[in-house]
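Colleague: Chains as they are written, first to last, in the working numbering: chain E, 1 to 341; chain Z, 1 to 321; chain C, 1 to 330; chain G, 1 to 257.
Derived from the structure by calculation, the hints contain no laboratory data.
All of these numbers come straight from a predicted model, not from anything done at the bench.
Quick reminder that beta carbons are idealized off the backbone N, C-alpha and C, glycines included.
Any given hint could be a false lead.
Stated by the list, open to error - Footprint (simulated), chain C over chain Z, 3 or more residues, beta carbon under 8 Å:
id, segment
1, 118 to 127
2, 286 to 298
3, 302 to 310
To be verified - Only pairs whose alpha carbons sit at most 20 Å apart, straight line, appear in this in silico EDC-like list of lysine to aspartate or glutamate:
id, chain 1, residue 1, chain 2, residue 2
4, E, Lys52, E, Glu291
5, Z, Lys312, C, Asp220
6, Z, Lys312, G, Asp29
7, Z, Lys184, G, Glu148
8, C, Lys151, C, Asp92
9, G, Lys11, G, Asp95
10, Z, Lys9, G, Glu148
11, G, Lys77, Z, Asp210
12, Z, Lys9, G, Asp95
13, E, Lys52, E, Glu302
Unchecked claim - If you anchor each label on the Cβ, the simulated ranges turn out as follows:
id, chain 1, residue 1, chain 2, residue 2, range
14, Z, Ser41, G, Gly115, 33 to 41 Å
15, G, Lys130, C, Arg221, 49 to 57 Å
16, G, Asp139, Z, Lys184, 22 to 30 Å
17, G, Asp208, Z, Ser262, 32 to 40 Å
18, E, Asn28, Z, Ser146, 40 to 48 Å
19, C, Val89, Z, Ser146, 52 to 60 Å
20, G, Leu78, C, His213, 53 to 61 Å
21, Z, Ser262, G, Asn42, 26 to 34 Å
22, Z, Thr2, G, Ser232, 54 to 62 Å
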Amino acid sequence: MQVAKKVAAATLLATVAMTGAAMAQEENYRFVMVSHIGSNDANMGWLTESLKTFEEKYPNVKTEYISTNNYSVQEHVRLLEQAIATNPDGIAVPIVDSDAFEGPLRRAIEAGIPVVAFNIPDGRPEGERIPYLTYVGGDEYLTGLHLGQYALAQAEAGNIPAPTGVVCASHDAAHQGLKARCAGMNAAMEGTGAKFEELFIGAEPAAARNTLQSFLQANPDTNYIFTVAGWSSPWAWDVANDMGLSPDVDNEGVTILTVDEAPVSIEGIRAGHLLAANSQGFWLQGYAPMEWLYWNKTLGYEPKADILTGPVIINAENADKWAELVRSVFGDEEYDNQNTW
Amino acid sequence: MTFLRQLAKSAGFGSVVGVGVMLIAFTLIDFSGWWTARTLSNVIHFTSILGLIAIGQALVIISKEIDLSVGSVYGLAGIAFITLEPSLGVPGSMAAALAIAALCGLAQGILVVWGGLPSMIVTLGGLFTFRGVIYVWTGGSVRNFSTDAREHWLTRLFGGEFLGFENALLWMLLMLAVLSVVLKLTRFGNHLLATGGSAESAESRGVRIDRVKIATFVICSLMAGFAGIITLADRPQTHVTIGDLLELEAISAAVIGGCLLSGGRGSLIGAVLGAFIVTSFRYELIALGAPSSWFITFVGIVLIVAVIFNQKLARWAGHNV
Amino acid sequence: MSLAALKPIIRKHSEIGIFLVAVFLVLFFVATSEGRWNNAYNISTILQVTATLGLMTLGVALVIGTGEIDISVGSTFGMAALIYLFLAVRVDPAMAAFAAVAAGAAIGAFNGLLVTRTGTPSLIVTLGSLMIFRGLAIALTSGFAFSVPYKDRGALSYFILGGDNLFRIGTFPGVNTGFLWLIAGLVILSIALKLMPFGNHLLAAGGSAASAHSRGVRVDRVKLRAFIICGVLAGLAGVLEAGKLGSADGSMGRMMELQATASCVLGGCLLAGGRISLVGALMGTFVLSSIQSYLVVRAIPPQWFIVLLGLIVVLAALGDRKLRQWALKR
Amino acid sequence: MPDAKPLIQVKNLNLYFGNFHALKNVSVDFHAGELVGLVGDNGAGKTTLIRVLCGIHKPTDGEVYFDGKLVKEFHPKLAIDQGIETIQQSVGLCDNLSIARNFYLGREPVRKVLGIPLLDFAKMRGEATKVIRAFGLRDNVSADDEVERLSGGERQSVKIGRAVEFKNRVVIMDEPTNHLSVREREHVNELALQLRNQGLLVIYITHDIFQVHKLADRIVIMENGEKIEDASTDKMSAEALEEVIRQGGRVVEKMES
């Protein structure tokens, strides 16, 4: 079987090489991003925007964005396999689950398709991990951890109350990336004596509010809410506000933390509703993998280390700058549309 | 006993018993947490929204069909309401949202009746299609109402509060009353019950069962759309996932409320009580500290227990089910 | 040969409709995908997806044949996948697979007993167990990890249980071993259905439970058996999928129950019971997974994906129905 | 005596179910004030024929005239509106509805309350009660009880009562005396005659040639989807007609040749 594999790989490589030689310099490329961020997540906009910009810069490259709508490993691997089947010139994919992705990705790499990981790396040590070119992105666990540490520093400084109970509100109980964020927050809160709980609120707004309100009623000592999606932060604020829990950033009541450099997160911080969010550099996570794939294809470049685009904390001090930056990417109209406060 | 038996004849009786047992249980295990104005108003608020959808679902089940698309229709109407507001104004977008919901129901009803397809397949297609329309239309994020739109009297009429009660509750009670009258006291209601009970007999008596079924699908979609509008008039911050998996809760509520899938029997009040049971369980499980993913497990158990209980009750009361 | 000559054939074989739909779609896909759809690698992927969804569909078809329905299979699939992966690293893959399939049988028996003993509609019972076991799966995955590292999956038992592909020839990546299980399942069930009393009883129970009962068929037992077989097949499908992925989360099998039911309807199974076609149901599975893969390889934006999926499912059902109506006309 | 102009005229009617030729070129006239016995074995096409007349099946080809006018649209609702009432063996009553609701199904009386047309329960209950008492249903059965409580005979009585109650022009009775006790049977037959005497057209479908021969003015015999005999009861005895049925269509052929 191994021999057959090698023969297959060699044949494929030879074909690729030959067609490459035949087609001179104005080579056309097609790069596919197989994402876990679907149309139910506004962050998809960052990636598709950056792909568009990339296509404008490199007219001979066609980029494609495919993703699951409701995340599941099973679906994602299926999409990946079908993307590989189209024999693209490069693939960018988050390593949501290294055990499940290793097989297909190794086959793709053996077949000569360069792979860049984005958003989620293969967390294993250098020698064991999937031999992708490089990783571009943040770190889900660090996202939670840094936000938690930032909140504790703010509490230390007396800007917000010290944590007594922390809830990590997640909209998808089966999503590994979201779980990692919660785990990071949990790690940050360890040793403070605060009770930590992960709450599955679901993605349905009315049901999510109902769930969160039920939780806050049953657990009155909860004073930090960490929503693992930017778009669910207004719901948390709303519920806490209705219950008279003073959710704004001040020295009393509940404090809300969220994620993403989405307009809704930034504007929430600017309005004083949210303590902080984090940026993973989503735009870069779309653009940079394409750039590396292109350089790898044309010049044979291979980056020596992972490219970390985050996490960076967004807080009241730098939110204005972030707003400016994000407006310049999305345009004012889209920015205002995405601001759901 | 005879009196009880008489009571048990009505389809919603099982859910009345269920609510009674549940309230006693919750009182015993969590008296201080459950009987607070805040808990009850929280539970009742979501019950109102789910109740509106469950009422429509109950009508469809009574006509011996099923509608899996209500969650998506609820979402689509709500999102249409918010997205069209800048161009059409609040009244215009509300009318447009209801019209879109009605169209969803009409299309599905026509495919079921004249296309001769099982409603499970048609509304499964609807579940996907309408959700996809939301994604395509919004591109992944939904804007919020402007301050003007939030203050508009119509928005206040459907959202907001009245005498300390959420308007959602009042609207739900109003629709419950109106549709219960329609079901029990009008010609259409009689035709609907007959269609679900025995379509052949109804047709032989000149009932246009095709029109009855289409009308029922339209009403169901309208109720789901109306629930979407009410939700967003009250809390206009939303997301493209609005209505996700709500069809499961709505079907569960209707069935727990005594609607029989064999058609022709069901109770709208029961459907609302079913919604109350489902929502209350969500609260109580969280209050007891169970991981929130257990909620669906419990809804599943309650569903099975309730349907068997309702059936036994109906047989005991002398029904032939 | 005139078109009318086809009528009797279509009338007799309810699965012809889906075959024609499939041929039409395949031609369309080949014509419009610039070779991206019709290449060896993609076909192999489609067959792999068809293998797991197909096994589940076979079971659902049997249950539909008895006039009941089983929409809990998605969760059965998920539970089996988790059990398999949990035990495979701790005990042994073969034992793990056995335990997972046994769990599938147990869920099937649970459904079947509730349906036959209490006379409750199967849609509700299985909707209930769909939710029960989905919640359980999610609860389990928040406590434990369910995966086997890629490099540890070399053993023969992993290979047999969907772990890798067979028949790699040149650039053709081969067929997943799961597909062989599907063929085996199809052959065994077809024999049971066509050549053994079980098949007769099953279809009689679905066609007219009262008549079957009056002829001494134990309708309840037949139905119970169908539910158990369905659970076994869904469990086996879960094992094979888990064997291929080597890892599972709480969403394994989500929505697959709907795809399996849709496959059966597309394949000419009557939801009312009494008439099923296993080959047709599998063809339905193939059509669904082909459509999905076409949307992917054509890079249809994800937001359009489910719109098209929804529309195509309804249109295919409608087309199949209209074809059969046409065949039934004089 | 029957009118010269037929109330219902069926001309060269054909009906296919898929490939199955259910009605073969059937032509028959029915007059007002006539009691016609429609006789034949199972599968002979009697029920199919009357299902066309009451709008359930649309004929594949051929014509049906009602009151001299060609019928273009077939729907039970239209048939009922024209005054054609059908009493069928297994359909007509919904188990889940009360007797009163079943009684008026498809033509419910309404009363405006605040401008909203609500069901007139007083009338529905009153009329239904009168009829079920007249038809001797058990005393403990009320018009509010659901039909599922009734025995087979009681159900039949409700259906016939319903047909009698609405002043119709045509009453089609499909095996009306099946499942009935002897007394109930006589009662039903009396009612059939009474309806005929009031000037209605009564089409009486049965297996039992001897029973219907006593009542009917004319007997139509069907076999294999064809009409094989159409004779006045004055002209042919019950025994002769029975012989026709026993021989199927063959006797007729012999007679014609």
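Colleague: State for each hint whether it applies.
Modeller: Evaluation of the provided hints:
1. 118 to 127: Holds: 8 residues of the segment 118 to 127 of chain Z have a Cβ under 8 Å from chain C.
2. 286 to 298: holds (count 7)
3. 302 to 310: With 4 residues close enough to chain C, the hint holds.
4. E:Lys52 x E:Glu291: holds, 13 Å
5. Z:Lys312 x C:Asp220: holds, 19 Å
6. Z:Lys312 x G:Asp29: violated, 53 Å
7. Z:Lys184 x G:Glu148: Within the cut-off at roughly 18 Å; holds.
8. C:Lys151 x C:Asp92: Holds: lysine 151 of chain C and aspartate 92 of chain C sit about 16 Å apart, inside 20 Å.
9. G:Lys11 x G:Asp95: violated, 37 Å
10. Z:Lys9 x G:Glu148: Holds - the C-alpha atoms of glutamate 148 of chain G and lysine 9 of chain Z are around 12 Å apart, at most 20 Å.
11. G:Lys77 x Z:Asp210: holds, 12 Å
12. Z:Lys9 x G:Asp95: holds, 14 Å
13. E:Lys52 x E:Glu302: violated, 24 Å
14. Z:Ser41 x G:Gly115: 33 to 41 Å: For glycine 115 of chain G against serine 41 of chain Z, whose Cβ atoms are near 36 Å apart, the range 33 to 41 Å holds.
15. G:Lys130 x C:Arg221: 49 to 57 Å: holds, 50 Å
16. G:Asp139 x Z:Lys184: 22 to 30 Å: holds, 27 Å
17. G:Asp208 x Z:Ser262: 32 to 40 Å: 35 Å Cβ-Cβ, so the 32 to 40 Å window holds.
18. E:Asn28 x Z:Ser146: 40 to 48 Å: Given range 40 to 48 Å: holds, Cβ gap about 46 Å.
19. C:Val89 x Z:Ser146: 52 to 60 Å: holds, 56 Å
20. G:Leu78 x C:His213: 53 to 61 Å: At roughly 40 Å between Cβ atoms, histidine 213 of chain C and leucine 78 of chain G fall outside 53 to 61 Å, so the hint is violated.
21. Z:Ser262 x G:Asn42: 26 to 34 Å: The hint (26 to 34 Å, Cβ to Cβ) holds, given that serine 262 of chain Z and asparagine 42 of chain G are roughly 29 Å apart.
22. Z:Thr2 x G:Ser232: 54 to 62 Å: This hint holds: roughly 56 Å between Cβ atoms.
Hint compliance for this structure: hints 6, 9, 13 and 20 are broken, all remaining hints hold.
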